[in-house]
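Novice: Spelled out, the chains give:
Protein chains: 2
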Amino acid sequence: MISQAGEYALRAIVHLSRCAPDVPASASEIAAATRVPQAYLQKILRLLTRADLLVAQRGVGGGFMLAKLPSAISMLDVLKACNSQPERIERCPLGITGHTELCSLHKLLDEQVAQFERTFATISISDLDKQFGDIRSMCDVVPGCQANGVPLSVDQSERPPTD
Amino acid sequence: MISQAGEYALRAIVHLSRCAPDVPASASEIAAATRVPQAYLQKILRLLTRADLLVAQRGVGGGFMLAKLPSAISMLDVLKACNSQPERIERCPLGITGHTELCSLHKLLDEQVAQFERTFATISISDLDKQFGDIRSMCDVVPGCQANGVPLSVDQSERPPTD
DNA sequence: GGATTATAGGATACACAACTCTAGTATACC
DNA sequence: GGTATACTAGAGTTGTGTATCCTATAATCC
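Taken in order, these protein sequences are the chains called A and B. Mapping of the first sequence onto this note's numbering: position 76 corresponds to residue 76, and the numbering continues sequentially without gaps. Mapping of the second sequence onto this note's numbering: position 27 corresponds to residue 27, and the numbering continues sequentially without gaps.
Watch out, some of these pointers could steer you wrong.
Copies of the same chain look alike in the list, so a pair counts if it fits in one copy or across any two.
Claimed, not checked - In silico EDC-like pairs for lysine to aspartate or glutamate, Cα to Cα no more than 16 Å straight-line:
id, residue 1, residue 2
1, Lys130, Glu101
2, Lys107, Glu90
3, Lys107, Asp127
4, Lys68, Asp52
5, Lys107, Asp129
6, Lys68, Asp127
7, Lys80, Glu117
No wet-lab data here; the hints were simulated from the structure.
Taking the hints into account, I'd like the entire structure generated from these sequences.
Specialist: Shown next as structure tokens:
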């Protein structure tokens, strides 16, 4: 549905939305909290920074902070920033000249993409910080949750799936 | 949204749904009508045959036919046959032991996949044969439409996009 | 200014999807 | 039976997304 990069970007943004807004979180800290390969995450954080969703601070004590309020960032913004959103179908993919409009097949496929965009455009990052019982995004069970630190326990017996 | 293979498979199935039900269409004929690379299409047709959506007939005059009525084949059946449908999120992608349920982020992403599945499960191939004005799937303008033959005119000045 | 910390950017390796090619097998027709 | 047609199967190639690594650059601390 969304690419790995998009999933990682959303994890990072959600994590940052729970950090103190004026204290930068370093890439390695975010990587540990979100279980994302650090080297790859750095590349994604750069994309998010270039898209003005994050601000980067170099040097000692540096890191990344949200550039806007979590309520002002949509999921679609994040996915767009890392080119991880399906593209609308503008023209007939077969290149048929007569098809000035999409045929029923492609009209329907495009409709799904449009639905996807509408949905993710209306969901902000602050909406994702909701908590269901003990379950909180990117965190271990809530009583021990430490949004800014390395998580307490991970299931090592089973590697998280790569998709 | 869907893979290239999935798109090609849908094109082939829609094309076949308009052919005479008892006359096989060869891979090269389907490739020409749907503008899909023939060698690759053959691989996809094999997948559809193995999934019992098509029946293959070898030898002179052979080819592929639908194994069921178009109304009995859903878009999801076609996408599943060529592994081109997004997977449901069953467990916490981060591998957090405490997360017996999905967190809000992954619950929401999974919800989108579920929505995708529901939509495509309810749309049959016969639904895709609808025609809007002069526009008909895989065909040139309807007056000259020949579902079983090579299309009349293709826009050669602009290659169809590869995505 | 020099050492340390951390991001920026580019080069590289790897995996998988997209696509091609070739040899093999079944069917039909003569 | 021989030949032509068309599917079957698997190996090979190319391109893109995923992931790593190394050097440069900026900021902080002493």
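Novice: Hints first: check each against the structure and report whether it holds.
Specialist: Now for the hints, and whether the structure bears them out:
1. When the C-alpha separation of lysine 130 and glutamate 101 is checked against a cutoff of 16 Å, the pair qualifies only between copies, where the shortest distance is 14 Å, while the shortest distance within a copy is 41 Å.
2. For a Cα distance limit of 16 Å, the shortest separation of lysine 107 from glutamate 90 inside one copy, 9 Å, qualifies, whereas the shortest one across copies, 30 Å, does not.
3. With identical chains, the CA atoms of lysine 107 and aspartate 127 are at most 16 Å apart between copies only, with a shortest distance of 12 Å across copies and 31 Å within one.
4. Taking the shortest Cα distances, lysine 68 and aspartate 52 sit within 16 Å of each other inside one copy (9 Å), while across copies they are farther apart (52 Å).
5. In the homo-oligomer, the alpha carbons of lysine 107 and aspartate 129 lie at most 16 Å apart only across protomers (12 Å), although the nearest pairing inside one protomer, at 35 Å, exceeds that limit.
6. Taking CA atoms no more than 16 Å apart as the test, lysine 68 paired with aspartate 127 passes inside one copy only; the shortest distance there is 15 Å, against 44 Å between copies.
7. Only within a single protomer do lysine 80 and glutamate 117 lie at most 16 Å apart by alpha-carbon distance; the minimum there is 10 Å, versus 23 Å between protomers.
Checked against the numbered hints above, the structure violates none of them.
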